[in-house]
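As given, the protein sequences belong to chains A and B, one line each in that order.
Residue 196, in the numbering used here, is where the first sequence stops; the numbers in between run on with no holes.
Residue 288, in the numbering used here, is where the second sequence stops; the numbers in between run on with no holes.
Just so you know, the hints here were simulated from the structure itself, not pulled from any lab data.
Heads up, the beta-carbon is just placed ideally off N, CA and C, and yes, glycines get one too.
Some clues are possibly wrong.
Listed next, the stretches of chain A that the computed footprint assigns to chain B, with coverage defined by at least 3 CB atoms under 8 Å from CB atoms of chain B [what the hints assert, rightly or not]:
(1) 10-21
(2) 53-63
(3) 175-185
These stretches of chain B come out as covered by chain A in the derived footprint (C-beta under 8 Å, 3 or more residues) [claimed, not checked]:
(4) 204-216
(5) 234-242
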Amino acid sequence: MSDGCPEHELLQRRARVEERELIANAVAGDATAERALYDAHVDRVYRLAFRLAGSDDLAQDFTQDAFIRAFQRLGEFRGDSSFGTWLHAITVSVSLNGLRKVKRLRTREVGLDEGLAVAGGQREAEPDLKVRMRQAIDSLPEGYRTVFVMHDVEGFTHEEIATALGVQSGTSKAQLFRARAKLRVLLAPFVTRDVS
Amino acid sequence: MTHDDDEMDALLRDAARGYNEPPATPRDEMWTRIAQHRAASSAVSGAATSAAPSGILPLTRRWNAGRLATAAAGIAAVLLLGVLIGRTSMSGVRAPQVASIRTPAVRTPAVNVPEQVAIGESPESIITRPHSPDQRGTSATPVNPGSGQKRPPRGSASTRIEPEQSLDPQTAQRLYQLVALQHFGRTEQLLTAFRADVRRGQIDARISEWARDLLSTTRLLIDSPAADDPQLRVLLGDLEVLLARMAHHTGARGEDTKTIDDALGKGEIMNRLRTAVPAGVAPEVQGE
Numbered sequence: 001m002s003d004g005c006p007e008h009e010l011l012q013r014r015a016r017v018e019e020r021e022l023i024a025n026a027v028a029g030d031a032t033a034e035r036a037l038y039d040a041h042v043d044r045v046y047r048l049a050f051r052l053a054g055s056d057d058l059a060q061d062f063t064q065d066a067f068i069r070a071f072q073r074l075g076e077f078r079g080d081s082s083f084g085t086w087l088h089a090i091t092v093s094v095s096l097n098g099l100r101k102v103k104r105l106r107t108r109e110v111g112l113d114e115g116l117a118v119a120g121g122q123r124e125a126e127p128d129l130k131v132r133m134r135q136a137i138d139s140l141p142e143g144y145r146t147v148f149v150m151h152d153v154e155g156f157t158h159e160e161i162a163t164a165l166g167v168q169s170g171t172s173k174a175q176l177f178r179a180r181a182k183l184r185v186l187l188a189p190f191v192t193r194d195v196s
Numbered sequence: 001m002t003h004d005d006d007e008m009d010a011l012l013r014d015a016a017r018g019y020n021e022p023p024a025t026p027r028d029e030m031w032t033r034i035a036q037h038r039a040a041s042s043a044v045s046g047a048a049t050s051a052a053p054s055g056i057l058p059l060t061r062r063w064n065a066g067r068l069a070t071a072a073a074g075i076a077a078v079l080l081l082g083v084l085i086g087r088t089s090m091s092g093v094r095a096p097q098v099a100s101i102r103t104p105a106v107r108t109p110a111v112n113v114p115e116q117v118a119i120g121e122s123p124e125s126i127i128t129r130p131h132s133p134d135q136r137g138t139s140a141t142p143v144n145p146g147s148g149q150k151r152p153p154r155g156s157a158s159t160r161i162e163p164e165q166s167l168d169p170q171t172a173q174r175l176y177q178l179v180a181l182q183h184f185g186r187t188e189q190l191l192t193a194f195r196a197d198v199r200r201g202q203i204d205a206r207i208s209e210w211a212r213d214l215l216s217t218t219r220l221l222i223d224s225p226a227a228d229d230p231q232l233r234v235l236l237g238d239l240e241v242l243l244a245r246m247a248h249h250t251g252a253r254g255e256d257t258k259t260i261d262d263a264l265g266k267g268e269i270m271n272r273l274r275t276a277v278p279a280g281v282a283p284e285v286q287g288e
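Bound-form chain B, shown alone (with noise of 0.2 Å):
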């Protein structure tokens, strides 16, 4: 660099100075305006506590904001499956007959799992129907080897039943499966009457409602320890945000129903809700 380039350069310097200078800082107004934005963005993070089918909502805030409320639903949802698989095993030595399952895809040889389920049964409806004759030998009763005799439960009382014999995971799974289409249909009717209403032009304020419901099922069921396949995860989780809007809706027709509509249909909920529900389990599920 030669000393002509240096001058060069600070005449530059001094020339650059004057490039695009800022006038006075207007403070007040872009604070206004950021602190609108946020308590904006605030209020619709409230609304829809978990994220949008793409992750709306950082992880961090969710952790923060649902920390006690998921922990809760974790609890609630062990004890619920830990009541379903309680229930099942009593009602098995209760009772000799002891349902179990005709349809294949719910069908296992070991566990008492219930033949027919309707939508909207009981569990305890579920589980207590009296099973077919061919499948009395898959009880879950163990058996002793070489007598081909039941083996008499520990403890004093027949009405005793091993933990290990109620904790069986295939029959945790096959009962979860069980809630989850229950689930499903419930969600599908809820989404239909939704749909319904938008082309009606007038939603019913009740939806609200069923939609908060539905939305304690749903975080049961995300949360639930049986709760391994990961396609279910997600659309569980894909019908979580639905329902969380659903469950803040005003009943008035608005932007957030034009929301809620779109996410419906880019989303396919409806389609992924029938798909979800296995070709061969669907009769029997449904009480056909």
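Just chain A, same shape as in the assembly (with noise of 0.2 Å):
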């Protein structure tokens, strides 16, 4: 993410610099510092849990879950990340969780196999190519979506992602890469008529 400008470099150490010192306030028990953390991370890890949740209530859920564990283990958290990151981490474990208990109590779990009938016999009845992204998307099994939701959609690192999920990056470029393959087939009829 960075542009290797030194300018920059300078104001990325800096911020990082504030932030240890804002992590180290708020596990002394300073408000504000948690505060401050808050406001420096919220919108990201709105954003994320949004994506990945689909739905206002829920997304709020996962990022104040999110935010209200960070802040009780950040004694825990030992600088080998960005707080971000470490953050990041946090968001998706909150939210891949809190999204299977949701499915679970739904019981209307949206299969691969639903996700294929996408792009089946009612191709007219479905013109809009979001619409369909989204029903494709969504039908992806949950390693795949979470790594192109964070990769295509929000913008994350492979490092970010695979360090958020607890893995290597090459899984995580195996991942995107059959994330859009798989994509490909289901969307590929609607893409060439909107191309066409």
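With the hints as a guide, bring the two chains together.
Here is the structure:
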């Protein structure tokens, strides 16, 4: 994400130092520092949660839960990765676990087969590529969908995704490749039609 | 990957940007709820200063919050045991008829330990009873080899006693057990009273004061260097949690009453308290 400019790097370094101070203060119980950390990261956390959940209520729940957990475990943060990456890892974990619970409750998980049906006989009834796209992404297996959303939709790097998901960056790349391949298959008829 | 695939990917990426597009972040709403949640959990943590039976409170927090208290309790426990052992030894020297043990479970031939202990007895009363004649030869006072005579203690006065005699680990262990058993008896009384109040539907406000008193003893016992029995430590840990909750109980019947009552039931504390008293010791300890 760095543009290699010395000034930009300097700013980033300064931001990291400030963030470390904020974390130390928050660990010591300073509510202002907690709020500052929240303000600095809440947008991206909420966006990620919303992209994964697709609902404002769930996204708010996941965001709150992620911050609560992060503040509770702030003393365990060692600074091996950036605070943001650590927080995103918590967000992804909270969101995926939350979604699994929701799916179990609703018992209406959309399977891949159903997703394939999106590309089937009802082609004429679904004119909008975005709607098809949404259905197709929803139908992806959880791992593919998470990587696709983080990388192609939210712009995370493979390294960030790998850290957040606790996998190798090669795994993240492979999952993205497979996710795109599936989406191509699912959406090919609509894309070609839209292009034509 | 073909040129068509690249083109397709580009189209997909464009379309994907609209996937679950988030609205503006409701920052303040979420922060309010986060702050409320954090405030509520700190209040709960403050009320129960240690973990539930399975360990609710993180160790780090417990350490930060109770660091001084634990250190103070440890020092107090050492002092308490030191005083008990010292008094045992001193009374053993002052009166030739030193207390000894009749009970097999608490008997040790090398130490002066009370024969009978009743719940509520003070340590002084435990250690100053005359012992039976058949146990006189088992006094802690060392014997001169070959002479059969008791060796006079080092130092000028006959009231002096060797530190190594009073710091016999077995003595400390026995005394610790006796104090712990007394404590369990008192705790059982409190829990019984509490449960009776719960059934009656009205909790006596003095319960929390009683619990606070027992809580400090529990902590002293936990932090005592003589506390090397893992089962006893677990039981004391569970009691600590329970008593901490009761100590902060407001007296009003409500959610915390239910929590304590549930914890009492789930942890089977009463049964564990009763079984903590060994069968051979129980009657003597209870002064039967």
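Requested in this report: May I ask which of the numbered hints given earlier this structure violates, with the numbers listed in increasing order?
Outcome: Violated hints (numbers, rising): 1, 4 and 5; every other hint is consistent with the structure.
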